[in-house]
Structure formats: C-alpha cells, structure tokens
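Protein chains in written order, with this note's numbering: chain A, 1 to 535; chain B, 1 to 496; chain C, 1 to 170.
The set of hints was computed from the structure by calculation and includes no laboratory data.
Glycine included, every Cβ here is placed at the ideal spot set by N, Cα and C.
Treat the hints with caution; some may be incorrect.
[Stated by the list, open to error] What follows is a set of in silico ranges between Cβ atoms, one per label pair, in the way DEER data are often shown:
hint, chain 1, residue 1, chain 2, residue 2, range
1, B, Glu56, C, Gln4, 40 to 50 Å
2, C, Asp157, B, Arg478, 18 to 28 Å
3, C, Gln4, B, Glu79, 51 to 61 Å
4, C, Glu127, B, Glu79, 36 to 46 Å
5, C, Asp54, A, His38, 49 to 59 Å
6, C, Lys99, B, Leu256, 46 to 56 Å
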Amino acid sequence: MPRLRSTIDVNSEDFRRNYAHNKNLLAEFREKQEAARHIRPQRDFDRLERQGKMLPRERLHKLLDPGTPFLEFSSLAANMAYDGDAPGASCITGIGIVSGREVIIHAGDSTVKGGAWYPLTIKKIVRCLDVAIENHLPVIHLCDSAGGFLPLQSEFFPDKHSAGRIFRNQAMLSKMGIKQLSLVFGHCTAGGAYVPALSDYNVIVRGTGAVFLGGPPLVKAATGEEVTVDELGGADVHTSVSGVCDYPANTEEEAIAIGREIVSQWNPSAKWAAQCDTPEEPYYDPDDLYGIIPDDIKKGFDMREVIARIFDGSHFHEYQPAYGTTLICGYANIWGYKIGILANNGVLFNDSALKGAHFIELCNQNSTPIVFLQNITGYMIGKEYEARGIAKNGAKMIMAQVGSHVPKFTIMCHGSFGAGNYGMCGRAYDARLLFSWPNHQIAVMGGEQAANTLAEVKIRQMERNGETVDPQLIEQLKQDTLEGYLEQTSAYYSTSELWDDGLISPTDTRNTLGVAISASLNAPLGDPGYGVYRF
Amino acid sequence: MTSKDINLKRVLVANRGEIACRIFRTVHKLGLTAIAVYHHEDRNARHVEEADEAYELTGDTSTAAYLDAAQIVEICRVEKISAVHPGYGFLAENADFAERLAQAGIAFIGPEAEVIRTMGDKIAARAFVTKHNVPVAPSVTQTDDLDAFLADAAKLTFPVLIKAAAGGGGKGMNIVRKPDELAEQARLSAGEAERYFADGRIYAERYVEQPRHIEVQVLGDGAGNAIHLFERECSIQRRFQKIIEEAPAPNLPKKLRDKICATAVKIASASKYRNAGTVEFILAPDGEFYFLEMNTRLQVEHPITELITGIDLVEEQLRIADGQSLRYKQQDIKASGHAIECRICAEEPDRDFMPATGTIHLLRAPEGEAIRFDSGVHEGLEVTASFDPMLAKLIVDGETREQAIARAIEALHALIILGVESNTNYLARVLAHAQFAAEEIHTGFVVDYADDLVLPPLDDDMLSAVLGTAALALPEFRRAAFEMPEPYASIGEWRN
Amino acid sequence: MTMQLKLDDGIHDLRIVVRKPALIASLGDHTFELEELEADHGPDHCAVTLCVGDHKVQAWRYVDGDRVFLHIGGRTFTVDYVDPVIAAEEVGEAGNIIKAPMPGIVVDVHLEAGAPVTTGTAILTVESMKLQSTIIAPRDGHVEAILVAPGEAFERDAVLATLSADEETK
C-alpha cells in the first residue's frame with residue numbers, strides 16, 4: 001500500500017495558529033475531564049474513607065489487567081446538565097481488559113451524590129449495555145449507587161429508554177449468552193437491586209455491600225419492621241440464605257480478586273477473523289493533527305493529512321481517487337486491522353454520494369469494518385443537484401450504510417451538519433462506537449445559516465402580514481439564534497447529552513479505534529443484505 | 001599411594017555431614033574402605049552416598065542415633081570395622097566410646113580414653129595444664145552445690161564467662177556482666193548443658209575483653225612426642241561460634257607465635273597426647289595468653305592448616321591410629337601462604353542469626369584452584385532445625401592474606417545456595433570490613449561492628465532486578481506479560 | 001490489577017506498563033524495561049541473564065510454587081507471589097491466626113481449645129536457638145485450636161494456634 005505524501009508545512013503561519021488554537025482546546029478538554037473525574041467536595045472523599053471504600057477509579061485500576069488500555073466512554077457526560085451536579089453522569093463506563101478478556105465495565109461513582117442515577121446516568125448505562133449487546137462483550141458491574149435521583153424521576157423512570165431499559169438490556173445480554181458479573185461494593189437499592197439479580201455471578205463485600213428492593217427506612221414506613229442494612233440485604237444474608245449473591249468478600253480487594261478469578265474461568269469468545277497485518281506506527285507524527293485542524297469551523301482541510309496521522313504507516317489505498325473527490329474512500333490498517341475509510345473532503349455531490357454507497361458495499365463484500373471520518377457541511381443543494389437526484393443519491397448512501405453487516409465506527413473530526421451526518425453514520429446509525437474531537441460542532445445546519453434562514457423566514461412572514469421589517473428586530477433574532485446554537489452545537493453539549501460515546505483528543509484516535517475494532521470482532525458478522533435502492 | 005602401608009582397612013566414620021565426607025575423601029585416597037552410619041532422616045544424605053558401605057542407626061531422633069555409642073560399637077563388631085573416626089561433635093570427645101572401641105579391639109582415631117577424660121574435660125584440663133605452668137584465666141569450678149558455685153563465682157572480676165564443662169560450640173555459654181545476673185545465667189547454662197551434653201556441670205572464668213581466640217594444631221604419637229602445625233586465628237565468632245578462621249594468625253609477632261605454639265606442644269607432650277588435637281588459647285590485647293581448652297579431635301577448621309602446611313591431617317590421623325610413628329619432625333613443618341575458612345551456615349544473620357530451615361533446591365559451589373569446598377549437603381536436602389546449622393565450609397588460600405581475602409569474597413559471591421537462607425553474603429561483608437583487612441580483630445568483632453555489617457538496603461535498580469527476575473519466573477506474571485493479544489500488548493496502560 | 005510480590009517483610013506492587021515492543025514494568029515511580037536475554041533452564045531452575053532497565057543482571061533462580069529463590073550479585077532473595085484472593089482472605093482472618101515468629105520447638109502449651117483469652121494471655125512457650133519466648137493472644141477471644149504439642153518442631157510462619165471471635169453479645 002502506498003504511503004500518503006503529506007504536503008503540510010509545519011512551519012507555516014496557518015499551521016502554528018491552528019496548533020496553538022487546538023492545543024488550547026485540548027487543554028480545556030483535559031481540564032474538564034480532570035474535574036469530572038477527580039474533583040469532588042472533600043466531604044464525599046471523607047465519607048468513602050469512613051465507609052472503608054475505595055474510590056471508583058481505584059477499584060477500576062485494581063480490576064483491569066496491568067498495562068492494558070481502558071477506553072472510557074463519555075467521561076464528560078452531563079457536563080452541561082444539572083448545573084454540573086453530576087460529573088461523568090455519576091458513573092464510569094468503558095471497555096477494559098480483565099483476565100485477558102475484553103469486557104464492558106459499568107461502575108457506579110459513589111463520590112457523586114452517593115452514585116445516584118440521573119436521567120443521563122441511565123442514558124449512559126443503557127448505552128454501555130447497548131455496546132455490550134452489539135459487540136457481544138461481557139459486562140462487569142461495580143455496584144455502588146444510592147438509586148434514582150428522585151426529583152427527576154419522570155425523566156428517568158417511565159420511557160422506553162429509561163431505567164427499565166438497563167434491566168431489559170441485562171436480560172437481553174443473558175439471553176444472548178453474554179456473561180455478566182456484579183461486584184457489590186455499596187448499596188443496590190430498588191431497581192438497582194436488579195443489576196446483581198440479573199447478573200450471572202455476584203460478589204458482595206461484607207459490611208458495605210447490600211442489595212434490597214426496599215431499604216430499612218422504606219421497610220419501616222411500609223410494615224413497621226425495624227431492620228438493619230446487614231440483616232436486610234448484607235453479604236451473609238445474600239450468599240448463605242437468599243442466593244441473590246454468590247461470593248462473600250471480606251474486603252473490596254478480595255471482591256476484585258474473586259471477580260478477576262471468575263472472569264478468568266469464562267471461555268474467551270471466538271472473534272471473527274478480520275484481516276489483520278502487523279501493526280505499524282503512522283509515518284507522520286499524530287501531533288501534527290493539531291496544526292492541521294483549522295481554527296475555524298468554516299475553513300476546509302485535506303482529510304488525507306488526517307488519515308496519514310492515524311493509520312498504520314500512513315499507508316492508504318485510495319478508491320476512485322479521481323471520482324467524487326469530495327468524499328475520500330479507501331483502505332488502510334489500524335493496529336494491524338484492515339478497515340475501509342470514508343472521509344469528507346468537502347460537500348457531498350451526487351458522484352461523491354454514489355461513490356460512498358459503492359465503497360460501503362465493497363467493504364461489506366470484503367468483510368472490512370468501516371471508519372467514517374466526519375467533516376461534513378451536508379449534501380449539495382440547488383436546482384442542478386436536485387435535478388440530478390441528490391436526494392436519492394444521499395438515500396443510497398444511507399441505505400448502503402444501514403444495510404452494512406460489518407462493524408462501523410465514526411469519528412467526528414470537525415463539523416457535522418445536515419443530512420451529511422446521516423449518510424456518514426451519525427449517532428442514529430448504529431456506529432459500534434462514535435467519538436468526537438473537542439473542536440467538533442454539530443447541528444442540522446451551521447449557526448450562521450440557521451440564523452440567516454430564520455431571519456429570512458421572519459422577514460417573509462412580516463412582509464406577508466404587511467408589517468414593516470424592523471432591521472433591529474431581525475438582528476436580535478439572528479443574535480439569539482446564533483447564541484443558542486453556539487452552546488448547543490459545541491462538542492461539550494453534544495457529549496453532555498450522549499450524542500457520542502465521548503470526546504477524545506485527536507491523537508488518541510488511533511488507540512480508540514484500535515480498542516473499538518478489536519472489541520467489535522467479538523460479535524459475529526451479521527448476514528449481508530440490503531433494502532431497495534432508488535436508482 | 002596404596003593401602004599396603006596401612007593396616008586399618010575398614011574405616012567407619014561415626015558422624016554425618018561435611019566432616020564424614022571429608023574423612024571419606026582421605027580414606028578413599030589411601031585405598032581403604034569408607035563406611036558410613038546414618039539415621040533414617042539422613043538416608044539420602046551425601047555422606048551415605050559417598051561411603052562404600054552404610055549402616056542404619058535406629059533412634060527416636062537422629063541426634064540420639066549418632067550419639068548411641070553402644071549401637072555403633074555393635075555395628076563395628078558385626079561389620080569387622082578396623083577403625084572408627086568420630087569426626088567432631090557427637091561422640092568425638094566421648095571417652096567411654098573410645099574405651100568401648102578399644103575393648104572391642106577397634107582402633108579409635110583419636111587419643112586414649114584417659115586423655116580424653118583429662119584433656120577433653122575443661123575443668124580437668126585446666127587443672128592439668130596449671131600443673132605444667134601454663135597460665136589459665138582465673139576461674140571457678142562448679143562443685144555439686146550450685147549455691148557454693150555462685151558464691152565463689154561472685155568473687156571473680158566481672159565480666160565472667162559461664163561455660164558447660166562437657167561441651168563446646170558455644171552451647172551453654174553466657175557472659176555475665178553483673179553479679180546479680182549470675183544466678184539466672186548459671187541456671188540457664190546448666191539447663192542447656194544438660195540438654196545438649198547430658199552433663200549439667202558448668203564453670204565460670206574471667207572474661208577477657210577484646211580477646212583473640214588462637215589455637216594450635218598438634219599431632220602426638222601417644223608416647224610423649226608431639227609437634228605443632230602452627231596456629232589458627234578463630235576470633236571471628238557470632239554467639240561464641242566461630243564463623244571465619246584463618247591461618248596463620250594475622251598481627252601475631254613471631255616471638256609470641258613461637259611461644260604459643262611451644263606451649264601447645266608442651267601440653268600435648270605432657271599429656272602423652274595421641275593423634276590430632278587442638279590447644280585453644282585466649283590472647284589478651286596485652287599479649288598475655290591463657291589456656292582455654294583442648295579439643296581432643298579433628299577441628300572443623302582443620303583445612304586451613306592443611307592448606308598452609310600441605311599436610312593431610314586425616315591421613316596423619318589414620319597413620320597414627322594405625323600405630324605408625326609421626327612422619328614429620330617439627331622442623332619439617334613449613335607454612336606458606338594464607339588460608340581462610342568461612343563456615344556456611346543455614347541462618348539469617350540479618351535477623352539476629354535466627355536458624356534457617358528449608359530445602360536446598362540449588363547448590364553451586366565456586367570452583368578454582370585456590371578454592372576448597374567441604375560440604376555434606378546436596379540439592380534436594382531438607383535442612384531442619386535438628387542439626388547444627390553448618391552446611392559447608394568454603395576454604396580458600398592465597399599467597400598473601402590480602403589475596404586470600406579477595407578470593408574468599410569472590411568465592412562467597414559465587415557460592416549459590418537457593419532454598420535455605422545462609423550467611424554467605426554476611427561472611428563476605430565481614431571479610432570486606434576495613435578493620436578486618438587492618439588485622440584488628442577480636443572475638444567481639446561482629447558485635448562491635450554490627451552497624452557496619454548490616455545488609456545495605458536495595459536501591460531501585462536492584463529492587464527492580466530482584467522483583468523483575470522473580471516475576472519473569474512466575475506463571476501468573478508470564479501469562480499477564482506475554483499472553484496479551486494485540487493491540488493491547490502495544491497500547492499498554494493507555495487512558496483516553 | 002497489580003502483581004504483589006513479597007520480599008522479606010515488604011509487599012511490592014509490580015505493574016506492567018506496556019508489553020510491546022518491549023516489556024516495561026513499574027515499581028512505584030520506578031519504571032524499567034524487563035527482558036530475559038538468556039536462560040539455561042533446568043527442570044525448575046535456571047541461570048538467567050536479564051536486562052532490567054539499563055542493567056544486565058546475572059541471576060540464579062529456582063521456582064518452588066509461588067516462591068522464587070534468587071541469587072543476584074552475591075545476595076540471595078526469597079520472593080513470594082501474593083495471591084490476591086488468599087491475601088485478602090488472610091486480611092480477613094488476621095488476628096485469628098497465631099504464627100511462629102521463627103523456627104523452633106514447643107516447650108509448653110498453656111491452654112486448651114475453648115479457653116477464653118484476653119490480649120496478652122500466654123498460649124504457648126517456644127524455644128529457638130537459646131531463646132525461650134511466650135506466644136501471647138493478639139486479641140480477646142477464645143482459643144479455637146492448638147495445632148502443636150510440646151516437643152514438636154515447627155518452621156517459621158507455621159500456624160501454632162487459632163483464635164475464634166467471641167460471640168457478639170446481643
């Protein structure tokens with residue numbers, strides 16, 4: 001495979017300006033991440049210490065195999081919700097390696113309101129269980145949660161993807177033969193009790209671990225019975241009387257050690273044999289990415305420069321290099337795995353859309369996982385393009401993409417606007433995992449376009465009603481729209497709402513995809529098949 | 001050399017361990033038959049393996065078995081043994097044993113029973129040498145009455161050393177610094193003497209501060225002819241047990257050396273000493289020396305004398321026991337070079353010399369022309385608390401003391417014993433001490449310099465080397481390190 | 001997960017940082033490369049040459065189950081693999097087990113199983129080298145079992161007796 005030839009001048013003024021801009025974004029991202037992960041009021045740390053509990057990330061550290069990665073999902077979930085009261089949406093999820101097996105980890109974060117479940121907590125847990133289902137990954141639950149955050153019950157209880165979905169997903173996993181282990185470190189109250197109850201293996205820590213549908217206060221209120229936490233749902237009750245849990249542990253360390261032992265008993269799942277070569281570092285320095293990504297969402301850049309800094313040896317086999325050039329298609333390897341890439345290099349035209357649909361079919365034919373690198377302003381509009389059927393061409397791309405039986409992965413490299421988001425495997429399109437860069441912006445259209453569109457609509461409406469158009473009013477409308485957009489199009493808003501599986505730094509993209517692809521191979525390839533293409 | 005000139009054809013060694021193996025070496029060299037006795041616990045021991053014939057001793061404990069004179073004499077009678085070498089320890093200084101063998105017409109490779117009774121008993125020996133104008137340290141002999149003993153001992157100048165009358169090897173020995181500690185220490189010593197030697201008699205003597213322990217190797221023909229094979233310096237001791245010996249003694253003026261050696265010969269000669277023996281002296285810093293005791297047997301540290309004189313002491317013992325006259329005159333004995341013996345013991349010097357036990361999984365002795373390794377142990381041997389902790393002796397020689405020290409340190413570092421803790425590294429630390437090189441030694445050396453002799457702590461590099469090397473041998477670590485698939489093996493501990 | 005190794009009385013946490021292209025491990029803040037260059041293997045021992053950090057290390061090694069004996073640079077070391085589950089169990093049982101501080105022989109047994117003890121109660125007298133020492137109860141409770149008899153020899157760390165917790169008064 002030929003090596004891409006970079007034309008970037010790292011000494012150019014553009015490069016240096018972009019570099020400074022993006023490094024600032026990175027610093028801001030890391031700062032928010034650090035705060036979400038580790039900054040808590042002292043009293044929360046004190047409480048855990050009093051209870052003799054480890055911090056959730058300490059547990060994680062001890063659980064994972066040494067010297068292996070942990071691909072954390074949505075570290076900034078809920079960062080713009082609940083006045084910032086639920087950093088990380090009070091849980092930690094991700095893919096890690098335990099006893100040599102790839103597993104999904106779901107850990108309650110009891111440093112946040114005792115691990116209370118907010119609506120976005122539920123969304124994050126449900127999402128990680130979806131990932132488990134889609135990729136056939138066993139799940140380890142590190143249970144330590146006070147239960148649902150009652151003031152917001154209407155937002156997390158009743159709907160299809162509300163709390164019930166957690167347990168539905170657990171049951172579904174079990175039905176699929178995918179194993180689950182719960183390590184009960186703290187309380188599992190009410191619905192939370194179902195997490196261990198629906199797991200195949202449970203370890204519970206003496207003294208601090210407890211599982212019950214109704215805690216002592218609720219029991220007292222309901223029946224007048226006075227009972228201690230330990231008598232009601234402690235380790236000994238559940239491992240020797242009720243059978244809700246399997247292994248008692250004297251300490252959290254022991255619970256983790258037993259958990260690791262249990263996982264080591266599991267038969268490692270047979271992955272499907274994806275095409276794989278010897279891994280090779282990119283020839284070009286990934287750090288250059290910070291100078292390549294523009295400091296302005298409106299500025300374009302050559303996505304080949306990005307490809308050259310993520311994939312093995314900077315090698316790239318480009319498909320149809322001269323056709324539909326606004327969509328780059330081709331094969332590369334990442335951590336040895338053969339993948340197909342679709343990367344935006346401008347607005348999607350009819351030919352780019354057709355090329356994309358065709359290339360997706362080629363990848364499926366070759367059982368090659370697909371990576372979408374999004375920087376899309378949308379499909380070309382206008383009379384000429386509509387006449388040439390841009391709508392049905394875009395639909396073909398969606399059809400091919402949705403019909404894919406190979407795993408898909410999406411990286412939001414920059415902008416994601418309009419229907420291009422759909423064709424390029426946006427959140428609704430079941431990418432096995434979807435990550436965004438901190439510079440990412442997303443909206444149905446750009447902020448300025450939206451402001452202008454809304455202003456245009458308003459002017460026409462006023463004119464129709466015979467009103468005089470007040471330019472000041474129009475300007476105000478534009479400004480308000482823009483401001484609202486500015487907040488909601490940002491990557492932080494996007495990741496707060498779990499429109500992605502987390503923000504990653506551009507230089508982490510390579511490892512992220514490596515873990516994601518490796519994990520995806522646990523699920524067997526589905527049956528190929530497509531819907532009806534409109535030709 | 002053939003056996004033709006020795007009539008004692010079948011030589012039994014009533015001992016175990018390294019000394020049995022060492023004696024067998026000479027027995028074989030002379031073309032004689034080497035015969036071992038052993039307790040069930042020792043059935044796989046090296047001395048059994050190296051013997052031509054081996055006979056099992058029964059006994060509740062192995063120690064009891066090797067001390068069972070009647071049983072051994074009976075084996076000798078049945079198996080037509082010509083001579084018995086008792087080694088050291090066990091029955092080596094047991095006059096009754098020597099007597100019984102003599103009565104059975106079997107040669108005891110050692111002195112006459114009577115001489116053992118006199119010279120092997122510390123109290124009797126002191127009386128004997130005093131008669132011959134040899135100085136002894138002021139002392140009190142135990143009477144039957146412990147209270148009387150205590151009253152007399154309290155009159156000595158303190159500190160006072162209490163010892164078992166019948167024993168050696170530091171058992172039953174205690175320093176008493178204040179009169180009010182005397183009663184308790186005396187009882188402790190007596191109890192221990194009773195347990196180890198079945199003889200609770202003890203005696204007390206003035207304890208010389210910063211003394212040196214100098215001993216002289218002698219050979220006598222039993223008719224009053226005796227020669228010496230120079231002295232050995234045995235001052236490096238822990239808990240009154242020698243751990244490093246050297247010959248010749250460093251920092252010993254020729255005149256004093258001659259005087260000490262002549263005194264030893266005088267004692268051997270006066271006692272009509274037969275066979276090999278050792279006269280031990282305490283040498284005070286002012287050059288005064290006192291008779292300490294006589295060991296009527298082959299000493300643990302005899303090899304250093306062999307190295308500097310070139311004489312095989314066991315061969316001389318066999319010849320004397322065979323009734324031959326001394327082969328050497330005093331002027332024939334020449335010493336050259338310097339020899340050092342290190343006693344390799346199963347113990348933890350850095351935990352107050354606590355005895356160590358375990359299985360010797362791996363044993364690699366250093367090799368070289370200047371190195372002699374007298375060992376009674378082998379791989380697979382289980383070292384228990386029931387025997388003396390000495391596993392082996394590492395003996396080196398050199399042209400100079402400096403060279404011998406350097407070689408000894410190198411050899412100690414090259415001695416590999418895995419499975420049982422040993423004092424190997426500690427001995428190297430003692431030898432490497434500046435005061436040792438400066439010849440400033442005395443019996444309190446390891447206590448005085450204890451702080452310098454502490455095991456240095458491991459730095460990060462060394463700790464990584466130790467734990468890394470260990471980890472690479474553990475299946476848990478190897479699995480974790482080498483069975484991780486890509487891309488995880490290469491990505492490592494990465495967090496996004 | 002961290003591999004715990006016991007050397008003398010210290011527990012050390014050894015972590016793998018990355019495995020390829022070279023195995024990098026860490027002990028606390030100290031990170032180093034680890035590579036076995038040569039090994040002259042016997043059935044369960046070997047003379048190994050390793051690269052640890054920037055240093056070449058020559059070692060003799062014998063493996064006995066979870067225990068590794070080493071000879072490096074004239075010193076010997078005994079390193080024990082601390083099985084995490086067993087270690088955690090022992091944490092839970094600590095205080096229930098009375099271990100021998102050194103090898104020795106039992107001189108006297110003062111109590112029988114079932115006897116109540118308070119912290120400091122003499123349970124056994126043992127002798128090692130020239131020292132007699134008393135083994136005392138580390139906490140209040142009852143003697144669950146005495147596992148040795150007078151005259152019996154034991155190794156270091158041998159369990160001599162066990163205690164059971166007092167029934168909680170309700």
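For Lys99(C) and Leu256(B), compare the CB-CB distance with the range 46 to 56 Å and indicate the outcome.
This hint holds: roughly 52 Å between Cβ atoms.
Do the beta carbons of Glu127(C) and Glu79(B) sit within 36 to 46 Å of each other?
With a Cβ separation near 38 Å, Glu127(C) and Glu79(B) satisfy 36 to 46 Å, so the hint holds.
Range first: 49 to 59 Å. Now tell me if the beta carbons of Asp54(C) and His38(A) are that far apart.
Taking Cβ atoms as reference, Asp54(C) and His38(A) lie about 34 Å apart, which means the hint is violated.
Is it true that Asp157(C) and Arg478(B) lie within 18 to 28 Å of each other by Cβ?
Taking Cβ atoms as reference, Asp157(C) and Arg478(B) lie about 26 Å apart, which means the hint holds.
Holds or violated: the 40 to 50 Å window for the beta-carbon distance between Glu56(B) and Gln4(C)?
Distance hint for Glu56(B), Gln4(C) holds at roughly 46 Å.
At the C-beta level, are Gln4(C) and Glu79(B) separated by a distance inside 51 to 61 Å?
Once the Cβ atoms are compared, 56 Å apart, the range 51 to 61 Å for Glu79(B) and Gln4(C) holds.
Hint violations for this structure: number 5 only, all remaining hints satisfied.
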